[in-house]
Amino acid sequence: MAGAPLRLLAEDADDLEVISAALQDAVGKVGDIAYEPKARRLTIALNRFRWEGETRQRVRSALQLGGVEKVQTRKVRRDLPDAVVELLALTFEPGEAPSGVVTFQFAGGGDLRAEVECVDAILADLSEPWPTPRTPAHKA
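Using this note's numbering, you'd call the opening residue of the sequence shown number 455 and step up by one each time.
Please note that the accuracy of each hint is not assured.
Stated by the list, open to error - What follows is a list of derived Cβ distance ranges for each label pair: (1) Val481 - Gln526: 35 to 45 Å; (2) Ala551 - Gly485: 19 to 29 Å; (3) Arg510 - Glu550: 40 to 50 Å; (4) Val472 - Pro587: 21 to 31 Å; (5) Asp468 - Asp536: 33 to 43 Å.
What the hints assert, rightly or not - Derived pair list, reagent style DMTMM-like, types lysine to aspartate or glutamate, alpha-carbon separation capped at 20 Å: (6) Lys529 - Asp479; (7) Lys524 - Asp479; (8) Lys492 - Glu540; (9) Lys529 - Asp574; (10) Lys492 - Glu547; (11) Lys483 - Asp536; (12) Lys483 - Glu547; (13) Lys529 - Asp486; (14) Lys524 - Glu547; (15) Lys524 - Glu569.
Because the hints were derived from the structure by calculation, they are not lab data.
From the three backbone atoms N, C-alpha and C, an ideal C-beta is built for every residue, glycine too.
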């Protein structure tokens, strides 16, 4: 793989901030979000922009949360599996320690909230990176 594939583990809110930075501006399809209630696992496959690279590239990545007790969405068209979502940030709102809520904030005002028993997240690159013509930009 051109450049080392990213493999990150988050066990607290600070670790989750690192994963959030790596996933900023990642894009994916609603159909690539999978919640498995019996396994208490949420998996999201995304094409993330390689902020750590020297050239403009994207790479297929997956984020998996363990210990998920409940998932809710707002303004995410689950009835349209091919609808594209752009991830802006991940945040953790603590509850009764060590539980809390991990929120995926998407462009356009949508979000996904996962109630977790603790922060238990893994981010891994799954493919070779490929060139992309644009660097994500944000209005000031």
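Okay, the hints, checked on the actual structure:
1. Val481 - Gln526: 35 to 45 Å: violated, 22 Å
2. Ala551 - Gly485: 19 to 29 Å: For alanine 551 and glycine 485 the Cβ distance comes to about 34 Å; the hint is violated.
3. Arg510 - Glu550: 40 to 50 Å: 43 Å Cβ-Cβ, so the 40 to 50 Å window holds.
4. Val472 - Pro587: 21 to 31 Å: Taking Cβ atoms as reference, valine 472 and proline 587 lie about 27 Å apart, which means the hint holds.
5. Asp468 - Asp536: 33 to 43 Å: holds, 35 Å
6. Lys529 - Asp479: Status holds; Cα separation ~18 Å.
7. Lys524 - Asp479: Distance of about 25 Å is beyond 20 Å: violated.
8. Lys492 - Glu540: Roughly 27 Å between the alpha carbons, so the hint for lysine 492 and glutamate 540 is violated.
9. Lys529 - Asp574: violated, 25 Å
10. Lys492 - Glu547: violated, 24 Å
11. Lys483 - Asp536: Holds - the C-alpha atoms of aspartate 536 and lysine 483 are around 5 Å apart, at most 20 Å.
12. Lys483 - Glu547: Cα-Cα ~25 Å, so violated.
13. Lys529 - Asp486: holds, 16 Å
14. Lys524 - Glu547: holds, 14 Å
15. Lys524 - Glu569: holds, 5 Å
Figure legend: structure checked against the earlier numbered hints; hints not met, in rising order: 1, 2, 7, 8, 9, 10, 12.
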